[in-house]
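Enquirer: Given the structure of chain A, go ahead and fit chains B and C onto it with the hints provided.
Chains as they are written, first to last, in our numbering: chain A, 1 to 483; chain B, 1001 to 1492; chain C, 2001 to 2095.
Treat the hints with care, as some may be off.
One side of the interface only, derived from the structure: several residues of chain B facing chain A at Cβ under 8 Å [what the hints assert, rightly or not]: (1) Asp1150; (2) Arg1202; (3) Gly1204; (4) Ala1317; (5) Ser1369.
Dumping the calculated DSSO-like pairs for lysine-lysine here, alpha-carbon to alpha-carbon at most 30 Å [to be verified]: (6) Lys478/A to Lys2092/C; (7) Lys1096/B to Lys79/A; (8) Lys448/A to Lys341/A; (9) Lys130/A to Lys1291/B; (10) Lys79/A to Lys2010/C; (11) Lys72/A to Lys130/A.
Calculated directly from the structure, the hints in this document are not laboratory data. Predicted model, so just to flag it, every value in this text is computed and none were measured. We put the beta carbon where it would ideally sit given N, CA and C, even for glycine.
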Amino acid sequence: MSWEIVMGLEVHLQLATQSKIFSGSATQFGAAPNQQADAVDLGMPGMLPVLNEEAVRHAVKFGLGIGARIGKRSVFDRKNYFYPDLPKGYQVSQFFSPIVCEGVFDVPLEDGSLYPIRITRAHLEEDAGKSVHDIFGHETGIDLNRAGTPLLEIVTEPDFRSAEQAVAYLKALHSLVTYLGISDGNMAEGSMRCDINISLREKGSDELGTRTEIKNVNSFRFVERAIHYEYERQADILDGGGCITQETRLYDAEQNTTRSMRSKEVANDYRYFPEPDLLPIVIDDSYIDTVRQNLPELPAAKRARFLAEYGLTEYDTNLLVPNHAIADYFEAVAESSGAPKLAANWILGDLSAALNRSELSIEANPISAELLAGLVSRINDGTLSSKLAKQVFEALWNEEGDTDEIIAARGLKQVSDSGALEYMVDDVIANNPDQVAQYIAADDAKRKKLSGFFVGQIMKASKGQANPQMLNELLLKKLEDQS
Amino acid sequence: MAEDSVLGMSVSALQMMLRKRSVSSVELTEAFIGRIAAANESLNAVVTVCAEQALEQAQEADAALGRGEYRSLTGMPILHKDIFCTRGVRTTCGSKMLEDFVPAYDATVVTKMKAEGAIMLGKCNMDEFAMGSSNETSYFGTVKNPWNLDCVPGGSSGGSAAAIAAGMAPLVTGTDTGGSIRQPASLCGLTGLKPTYGRVSRLGIIAFASSLDQAGPMAHTAEDCAIALTAMSGIDPGDSTSADIPVSDFHGALDTQIDGLRIGLPREYFNDSLDNAVRERVMAALAELEKAGAVLVDIDLPHSHYAIATYYVIAPAEASANLARYDGVRFGYRCEAPQDLEDLYRRSRSEGFGEEVQRRILVGTYALSAGFYDAYFNKAQQVRRIITEDFHHAFEQVDIIAGPSAPGVAFPFGTKQTDPVAMYMEDIYTLAVNLAGLPGLSAPAGFIDGMPIGIQLIGKPFDEQTILNTAHRLQTDTDFHMARPTLQGLAS
Amino acid sequence: MSVTSRDLEKMALLARLEITETDLPDVTERFSRVLSLVNELNTIDTDGVIPMSNPHDMEQRLREDSIAHPSDREALMASAPAQQDGYFLVPKVID
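Just chain A, same shape as in the assembly (with noise of 0.2 Å):
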C-alpha cells in the first residue's frame, strides 16, 4: 500500500524576555536549581499572577509576522494535570480566545517556491519546571527555574505532506521569530521545542488517519528523523492490518526510535475554564499600528529585495537570508566593496567553510564586515587575483591586518602592468619554440589545451602574480601573431 503522511506541528517557542511571564524572576538559563523560581513560580499559597508586557508585545509582533489575525480580546485559562514540574496543578495558558489566530506561512522550500502552511493559532502560555532523574536514586528532583518562562505555542493545520516541508517550516519560523527578535532560538537550550502529530493514509483520500502525536522534539534533525522513523512504523503496523493507536510518544534521540509515553495516557482531561486570576488582554488597533510601525524587515521581504537590488540567484538568497547576522554581514560587505556577487561568494564560500572548521557562528566571526569588504574590493579591482585573494583571506582569518596591509607586507600585489606582462610573454615564447610550433599547427580545441602550458610557465615566472586575464588576452594575441 502507498501512503500519504499528513502532519500539523505544535512548536512550543520561548519568548526572549528578562522576567517571566507571571513573575519578576529571571528567565536566563543555566542558574543553579530553583534559584530563579520565586513565591510565584513556585506556586506559593496566596501567589498570583502578572503579566508581561513584553511576552504579549511579542506574540502580537509573531501574529503581525505572519499576517494573522490579532485576538483583540483574548483570555487565559486554567489547564488542569497534576504533575510535579507543574507548581499550581494547572499551567495557564489560553485555550477559548488565544491572542494570534489564523494567519498564513509562507515557507521557501530549497528549489526556491513557496509552500503555504496555514496556522492555526497561537497562543502565550507558561513554561513548567524541569524533572531530573538520574541524580537522586530513588527519586527525582525537581527544578522550578524554568517555570513561569513565556512561551508561545504555534499551532499549524495538519497542512504537512513530508519531513522535508516540516523541516523548511521550522527553519523558516526560526528565521522569522530571529528575525523580530521574540525569541532567540536557541534550540539546545530548549528555546524551540517541536510537537508532531502524524498520521497516514492511503494517497488520494481526504480522511485523516488516526494520528500520534511525539512530543519535544528539539532540533531540525531529530524532526526530520523523528518523521521517517514514525511514517516506517505506522507504515508497517497499516501495512499489517494493523490500527494506530491514538497516543502521545516520545522521540528517542539515541536509539532513534519513538516511544509511547504511558504516562501521559492516564484519564486526560484538562478541565479549561477561564483563569480568573487575570483579566482580558485588550489588544486595539492603535497598540497593533505602533507593533506594525516597528517591525523589522522580515525574510520574505529580504528575500525580494537581495534578488531585486543586488541581483543574487535565488540559491545564494536563500542562504543568506534565513540567519539574520549573515545577511546583516552579507549586506555591510556588499555596500562597503559595491560588489554583491563577489561578497555573496565569498561568505558562502570561504567564509562559511572557515567557520565550519572552526565551528564559530557569525557572531564570533574574526573577520569584520569591513574587513571582507576590503578583500572584495581589491579582487573587484584587480588588484588581486583569486588565488592571491585566498592567501590574504587566510591573513585576514589569522587577524594579521586588513587587506591593504596584508597585500604590502607579503608583495602580493597583482601584475596588471601590460609592460611587464608583454616581457613576460616575449619570454616564454622565445623560450619554448616546439610549443609555439605545435599550438599554430593545432586546431582551435588543441590550442585551448596547449595555450595552458604558457599560462603556467607565466604564473610560475611570476609567483602567481600575474594578472590571468590580461595575461590570458596579451598570450593570445602573441601566438595569434607568431602564425
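Expert: Then chains B and C, alone, in the frame of chain A:
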C-alpha cells in the same frame, strides 16, 4: 489599670485614647493578649499568638506616638484570619495541609495594616480553606460562639468573629467568598464589611475562589470598619484583579445624614421562607432608618433563587484548581512513605484535606470535566451575569439594598454538619453579593432569644461609603452594637 | 443528572484524592445532594448570555518586563517536605 475596661471598646475610641496617651499600645496589647490567654481555651478563636513580636511592635508604636507620629492604626492591636499569609508566622488556613506552613511573605493586607501601625496579636481560627459557615470544618477544632458556647460562631471567619465578640481584639480581618464575613458578623453581633470585589488586594490571601474572594474588616462598629477599610484598600500591582479606583478616607467621609436615601427591599429576600423573628428584627432596624429619613422601596431581584446553585458550581470549580497546588511536593503536608508519585499525591491530599474541602474539590472537578463544562460551569457563569444584571437594574431605582444577613441566629454544633446542603443555605442571602462583586455589610439588628442577628446592607460597586454611612446612622440611633456577651462559663 | 460511585472515583482520580471503599457510598450520597442543588441551573434559559468570569468588566494590566527581586530560595524552600541540593524531591517519576 487599662485592662478589662478597654477590651470591648471600639477602634475609634481606642485610637483617641492612644493619641491622647491615656493608654499605651503596650498596655492595650497586654490586655488583649491577656484576654486571649484567658478565653481562648474555651473559645478556640485564635490558633497562633505572637505575643513577643506584638509587644515589640507595641513599644515601637508607643515611641512613635510619644513623638506625635501616628497613622490610622498606630498602636492598635489586631488579629488576622489565618488565611492571610504572614511572613515568618505560621499560616494554616485551618487545614492540616498547612499545619506547619510558614510563608516567606506577607499578604498585601498585612503589609498595609502594618504600615498603618497595627500590632498583629496573632491569627484566627477559620473553616478549612474558608469552606464552611460554622467553623466546624477547621482542622484546629470548632470555635465557640461567645454569646452561647454551645453554638457556632458562623463561618468561615468564625474565629475572627468570636475573637472580637469576646474582646480579644478590637479589630480583625476576615475574608468573604460567599458570606464568610457577614454571616459570622451577624451570628456574633458585630459589624462586618465585605468590600467590592477588587477593592482590597488578594495577594497573599490563600485563594478559595478567586473571582469571589474578598477581604474585609470585622469590628464592633461601622465607624471602625470605615477606618480599617481605608487601611486595607487600594490597587496592588501584584493583583491583576485589584481595581484602579481611588481610596477615599471612608472614616473622614462618614455622614449620618441619610435623608432621602432610597433603600431597596428585595421581595425575594422578604418572602415566606424568611424566618419571622429575623424579619421582625430586620424590619425594626429598617424602621429606624426610615425614621432618619430613608425611603424604603420594594424591589425585585428576580433570579435570586439561582444564586446558590450558581455559587456552588463556580466556587468549587475555581477551588478545585486553586487547591491543586497542595500536592505534597513544595510545601505543606506530605503522607508517610509514599510508594510512588500517584500515591504521594492521593494520600497527601486525602489525608491533608478535610471532608468538606474534598467534597468541594470533587464537585468543582465534576463541573469542569469533559461533557459537563457547558451544563455546569459555563451555565453558571451565564447565570452569574443574569444575577449581576438584576442588581444593576435594582440600583437604577435605589441607593442601597437591605435584607437579612443570615437565615437565623447561631445554631448548636453538629446540627447542620451532616447535610452539606443545609449548611450551604446559611449563605442564601449573602452569596449573590459575591457573585455580583458588590460591597455588603452586616450590622447588628438586635437579638432573638439572646442571640444576635444582623441586617445586611448592599451597595453599588465601589460605593462602600453609602452602606457605611447607613450602618453608622443605625448605630447612632440604636445600641445593638454596644451589647457584649457576658462570657459566663469560660474555662478560666 | 445523577452521579454514580464510578463517576466519583473518576473525579477523585482527576483531583488526586482517594476515596476508600467504605466511604464511597456516603461520599456519593452527599455529592448527589449537592449536585441536585446545582441542577437547579437547568431550569433557567441562558441563551445568548455571555458568561461572566469576573464581576467587573476590567482589562488586564501589564507589568514592565524587569527582574523584580532575587528570590530567597532558602526561605521559600523552608517548608518543603523533601529537598536536596536545592531540588524538591519526589518519588522517582517514570515517563
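Enquirer: The structure should be examined with respect to each hint, and the outcome stated for every one.
Expert: Consistency of the hints with the structure:
| no. | hint | verdict |
| --- | --- | --- |
| 1 | Asp1150 | violated, 33 Å |
| 2 | Arg1202 | holds, 6 Å |
| 3 | Gly1204 | holds, 4 Å |
| 4 | Ala1317 | holds, 6 Å |
| 5 | Ser1369 | holds, 5 Å |
| 6 | Lys478/A to Lys2092/C | violated, 86 Å |
| 7 | Lys1096/B to Lys79/A | holds, 27 Å |
| 8 | Lys448/A to Lys341/A | holds, 28 Å |
| 9 | Lys130/A to Lys1291/B | violated, 67 Å |
| 10 | Lys79/A to Lys2010/C | holds, 18 Å |
| 11 | Lys72/A to Lys130/A | violated, 33 Å |
Hints 1, 6, 9 and 11 from the earlier list are contradicted by this structure; the remaining hints agree with it.
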